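**Student:** Residue numbers (my numbering), protein chains in the order written: chain A, 4 to 422; chain B, 4 to 422.
It is possible that some hints are incorrect.
Pairs count within a copy or across copies, as identical chains cannot be separated in the list.
Straight-line alpha carbon distances no greater than 27 Å define the calculated DSSO-like cross-link-like pairs of lysine-lysine that follow [claimed, not checked]:
hint: 1; residue 1: K411; residue 2: K228
hint: 2; residue 1: K289; residue 2: K246
hint: 3; residue 1: K246; residue 2: K411
hint: 4; residue 1: K57; residue 2: K289
hint: 5; residue 1: K212; residue 2: K411
hint: 6; residue 1: K246; residue 2: K116
hint: 7; residue 1: K301; residue 2: K288
hint: 8; residue 1: K212; residue 2: K155
hint: 9; residue 1: K287; residue 2: K155
hint: 10; residue 1: K301; residue 2: K287
hint: 11; residue 1: K246; residue 2: K288
hint: 12; residue 1: K411; residue 2: K288
hint: 13; residue 1: K228; residue 2: K116
hint: 14; residue 1: K57; residue 2: K155
hint: 15; residue 1: K246; residue 2: K155
hint: 16; residue 1: K289; residue 2: K411
Hints listed in this document are in silico derivations from the structure and should not be mistaken for laboratory results. This structure is a prediction, so every number in the text was calculated from the model and none was measured.
Protein chains: 2
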Amino acid sequence: MSDVKQYMTEVGQRARIASRVVSRAETAEKNAALNAIADVIEAQQAVLLEANGKDMKAGRDSGLDAALLDRLELTPAVVAGMAEGLRQIAALPDPIGGISDMNYRPSGIQVGKMRVPLGVVGIIYESRPNVTADAAGLALKSGNAAILRGGKEAIHSNQAIAQCIHAGLEKAGLPAAAVQVVDTTDRAAVGQLITMPEYVDVIIPRGGKGLIERISQDACVPVIKHLDGICHVYIDDEADLEKATQIAFNAKTHRYGVCNAMETLLVAEGVAEQVLPELAGMYKKKAVELRGCLTTCKVIDGVIPATEEDWATEYLAPVLSIRVVKDVDEAMDHIALYSSGHTECIITENYTKARRFLREVDSSSVMVNASTRFADGFEYGLGAEIGISTDKFHVRGPVGLEGLTSQKYIVLGDGQIRQ
Amino acid sequence: MSDVKQYMTEVGQRARIASRVVSRAETAEKNAALNAIADVIEAQQAVLLEANGKDMKAGRDSGLDAALLDRLELTPAVVAGMAEGLRQIAALPDPIGGISDMNYRPSGIQVGKMRVPLGVVGIIYESRPNVTADAAGLALKSGNAAILRGGKEAIHSNQAIAQCIHAGLEKAGLPAAAVQVVDTTDRAAVGQLITMPEYVDVIIPRGGKGLIERISQDACVPVIKHLDGICHVYIDDEADLEKATQIAFNAKTHRYGVCNAMETLLVAEGVAEQVLPELAGMYKKKAVELRGCLTTCKVIDGVIPATEEDWATEYLAPVLSIRVVKDVDEAMDHIALYSSGHTECIITENYTKARRFLREVDSSSVMVNASTRFADGFEYGLGAEIGISTDKFHVRGPVGLEGLTSQKYIVLGDGQIRQ
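Next up, chain A with everything else stripped away, as it sits in the complex:
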C-alpha cells in the first residue's frame, strides 16, 4: 500500500469511528463544540493570519492570479466571519432525530421516519480557506464526521484552522477525528478519498467545473454536485413589463460570476419590441454585451448575432444571450434543450401559463415573477448552504443541513408478529 493510500485509509477509519460518536451527540454538545471552535478561531486570529501569510507568499511566488490570491487571503474580517458563521450554524435547529409521519398501521405497529446523519462527508474544495470552518460546522451540526481536503495553495491556512477546530471539539468533549483536514498536498489523496465507500458516505466538491467533473467521473461514492448554471428568464407576452424589465435586469447584473445569474433571456415575440429596447439601454449602462437571435438583432442595435454555442454557455460574465420566441411552449422547448437544470423563471400575469411553467420545467428551481438570483439557501430559508445540487438524486437545488442527512424508518410495536 502506498503511503498516501495508507494515510487516507487511516483517516477514513478514524472518521468512521468518530461518526458514530457525533451521530449520537446531543444538540447541546454539538452547539457547544461549534461555539467553542468559533471562540478558538477568534482567539487564534494572529496565528491564522500568520499561517495564511505563508500561503499568500507562496502563492505570489508561484504566480497565482489576483482573483485566486483574493480568495486565498484571510483578513481579520474573514476570520471574524468564520467565527460568526459557526455561531449561526449553532443557532440553527438540529435536523437529527426529528421524527415525522408517525402513523398506526392496520397491524397495530406505529411506523414513522427519523432523520439521521449520512455518516462521513468528504468535502473537496479549492482556494478559500474559510470553507474549512464552514464545511466543518455544517457537517458537525448534521451529526456527520467530515474529511476536508482543501487546495494545496491554502495548506498552511487550512492546517491552522484545523488546529482551532480540534481544540474546540476537544473542549466540548467530542472526538477531534470528527473533523479531519487532510494534511498532504499529494493529489493521490483525492483519488483515495473518493474511492473509499467503506469509510466515506458522500463527497461534496466545491469548486470549478473542472474539479467537479473530474471527481464525479472517478468517484465510487455518491457525489452531491453542482455543474453549470445556465439560467433562463422568459418574458411572456402577458407579463407586467415593469416587473419584467426589473427582474431581467437584476437577474443579469446583480452579480455576474454566480451560478444563479441569468445567462439567456427569452422574450415572447408579442412584447419583444416593447421590452427589448428599454432593457438594452439598461444593460448598455452596465456594459453588458448582448448576443441575440436574428429577431433580437432587428429589434435592437449593437447586438452580436448569437451562435448555437451561446445558448449552451454559462458566461459568468457581463454577457447575455437573447432569443425571441413565439410563446411559452417555444420558451419551454428552448429551456429543455439548453438549460443546465439550475434555475428558470417566467414573467407573466397569466395564471395558466405560470402553472404550466412551474409544473413542466425540469430545473432545480422554477420561479414565477422573481429574480433567478433568489435561488440560494439563505434566501430560501435553509439557514445555511453547502452547495446547489443540479442533480435530482437525493437532493436538488440549494442544499442545507438536511442534504447531509437521511431518514430511517422506526417502528413501535407492542409484541406484533407477521401473520
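Assemble chain B onto chain A, guided by the hints.
**Tutor:** Coordinates of chain B only, in the frame set by chain A:
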C-alpha cells in the same frame, strides 16, 4: 459503435423523450394507462402463457433448478396477479406535483417544493417475469419512463408482457417508449444501460447479491441497491418474555428466504436462561439449526458453536445464530459491527433503552417490540414496494413510489429582485 451500444443508445434516447411526456401526464391519464395495461394482460392471458411455455421449456432443457423454474413460471393466477397489481398502483395517490413547505420569506417571495419524477429509471431483474408489469406500473405512476431488462431465461415472457404494456399505453394516449423492455439477451446491454447517465437517471437492480454488487461496481448512474439483510433481534433483560419469544420465533420462522428475516438473536445474559430453552424448543419443532456463542451452548443443548463468520452471514435459511450479551450496549456494539444496516429490533419494556436503541442503531428500520418481518413497503403503508434500500443516500429502507421521485424548488414572486 457496436450493435448493442447503438441499440441501447436508441433505447435511451427514446426513453428520455418519452420521459418528458409522462412527467407531464395528468393523474387520470397515467391511471387510465395502468388500467388499460391490466385489461390487456387479462385479455392476452393465453398469449402470455404460451410465450412463458417457451421459456419454461428452454429453462428445463438447459437444466435450470426447480426454484428458478418456479419463479419463471406464469400461471393464470400469476397473470391475474399482475393485472391486479397494476390496478392497485392506479389506485394509489399520485406523488407527482405535490407541493409542500410553501412559506413566505422576508424578501416577499414564497418558496416551497414540488415533487417531480427522477426521469428515466432502469430496472434490471432476474427470472420473475411478473416484475416486468410491476416495475412498469411503478415507474409510470411516478411519472418516469422505464427501461426494463429482465433475465435471458424469461425473454419470451417479458416480450409478450411488453406487448401488453405498449398496447395499454397507446390506448391511453401515452407513448409506447415510456416503457421499453430490452429485447436483446446480450449481456453487453446491461453494461450500456448502467453507463448512460445522459439517458438514465437511476438504476434499480432486483435480484441476487451477485447481480447487485456487479451493477453497483460498474454503474456510473446512481443505483438504489439492496444488499444483505443481516437482521438482529435483541431480547433485553427487561423484555416482556412472552412478546420476546413470539417475536424471536416469528422473525426467524415466518419465512426463511426473505431479507427481513432475523439472522442473529442477541439475548441479555440476565434472561438467557429463562428465554433460550423455551425458544430452542420452538425452533426445534421447525427444524431450525442453532449456532451459538459459548454461553448459548451452555444454556441450551444441540447448539453448534458459532464462528466469526456466522455473525456476518445472511443465512436465508432455517439457521439462526445466537449470542448472549451483557446488556443493550453490548448488543448495539455487536449490531454496529455485524449488521448490514437492514432491520434491527429491541424487545424491552424499558423506556430509556428503547429510546436509545431507536436513536443509536444505524439501520434502515429500527424497531421496538415488533417482528423484523414488518420491514416491508406494504406493511409500512407505502402501497407498493420497488425494493428495500440498504443505502442511506436518496432513500433508505422500503422504497415506494416516492423513492422514484425528487423535489424541485418552486418560487412564487410578484416582481421581487435581489437587493
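**Student:** Each hint: holds or not?
**Tutor:** Here is how each hint holds up against the structure:
For the identical chains of this complex, K411 and K228 are neighbours both inside a copy (23 Å) and across copies (15 Å), given an alpha-carbon limit of 27 Å. Taking identical chains as interchangeable, the C-alpha atoms of K289 and K246 lie at most 27 Å apart only when both belong to the same chain, with a minimum of 19 Å there against 75 Å between chains. In this assembly of identical chains, the alpha carbons of K246 and K411 lie at most 27 Å apart only when taken from different copies (24 Å versus 44 Å within one copy). Neither within a single protomer nor between protomers do K57 and K289 lie at most 27 Å apart by alpha-carbon distance, with minima of 38 Å and 72 Å respectively.
In the homo-oligomer, the alpha carbons of K212 and K411 lie at most 27 Å apart only across protomers (22 Å), although the nearest pairing inside one protomer, at 33 Å, exceeds that limit. When the C-alpha separation of K246 and K116 is checked against a cutoff of 27 Å, the pair qualifies only between copies, where the shortest distance is 24 Å, while the shortest distance within a copy is 42 Å. In the homo-oligomer, the alpha carbons of K301 and K288 lie at most 27 Å apart inside one protomer (20 Å), although the nearest pairing across protomers, at 89 Å, exceeds that limit. In this assembly of identical chains, the alpha carbons of K212 and K155 lie at most 27 Å apart only when taken from the same copy (18 Å versus 41 Å across copies).
When the C-alpha separation of K287 and K155 is checked against a cutoff of 27 Å, the pair qualifies neither within a copy, at 40 Å, nor between copies, at 64 Å. In the homo-oligomer, the alpha carbons of K301 and K287 lie at most 27 Å apart inside one protomer (17 Å), although the nearest pairing across protomers, at 89 Å, exceeds that limit. Taking the closest pair of Cα atoms, K246 and K288 come within 27 Å of each other only inside a single copy of the chain (19 Å); across copies the shortest separation is 78 Å, beyond that limit. Within a single copy, K411 and K288 get their C-alpha atoms no closer than 54 Å, and across copies no closer than 35 Å, so neither meets the 27 Å cut-off.
Taking the shortest Cα distances, K228 and K116 sit within 27 Å of each other both inside one copy (26 Å) and across copies (19 Å). Within a single copy, K57 and K155 get their C-alpha atoms as close as 12 Å, which meets the 27 Å cut-off; across copies the closest is 63 Å, which misses it. In the homo-oligomer, the alpha carbons of K246 and K155 never lie at most 27 Å apart, since the shortest distance is 46 Å inside one protomer and 59 Å across protomers. Taking identical chains as interchangeable, the C-alpha atoms of K289 and K411 are never at most 27 Å apart, the minima being 51 Å within one chain and 32 Å between chains.
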